[in-house]
Amino acid sequence: MLYTPLLAGSAVGTLESRDIVYPTRPLSRKRNFTFHQGAAIKLDSKNKIVYARPHNEEIFSDKSNRTIADSSSVNTTPNSSEGIAMQIPYDYLIVGIGAEPATFGIPGVRENVFFLKEAIDGYRIRTKLHDLFEAASLPLRIDANRSILEQQQEYE
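Our numbering applies: residue 5 is where the sequence shown begins, and numbers increase by one.
Note that these hints are calculated values from the structure, not bench results.
Glycine is no exception: its CB is placed at the ideal position from the N, C-alpha and C atoms.
This list has only true hints and no planted wrong ones.
Ranges of calculated distance between the beta carbons of each label pair, as one might list FRET restraints: (1) 134 with 52: 43 to 53 Å; (2) 136 with 25: 18 to 28 Å; (3) 135 with 6: 18 to 28 Å.
When you get a sec, could you build the whole thing from the sequences and use the hints?
Structure follows, in structure tokens:
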């Protein structure tokens, strides 16, 4: 589980990504529950089954029938319209609806901005900042900046 208010700290380096993420496995073992992250497709409340796509669907890229290793009661089956569907039986169900970053249809947003929603987003921003600082400190760049500053001083 991710504590999102601290994402900005991980992006600028005051925190590491591991400091803002809490693993659910130790808690689930201690409290005897199973945590599944995915996108819900359908809820069968009569039979107490949730149909969902896995969060990391690419691990099932061969689209074959599989049984998830951590719970023999969770099966995945191919579903051409929705991707892989997990059938998850439940006794008690907690649904967190989540969110997706919005671009509001503005062209170029997805290609030219950094979203800050997941732990990996903080890492991407931090890596890009490091890359830019390294590029700015290259001798060629320093000479180019010095030349620009000298030209500006001539006009003043």
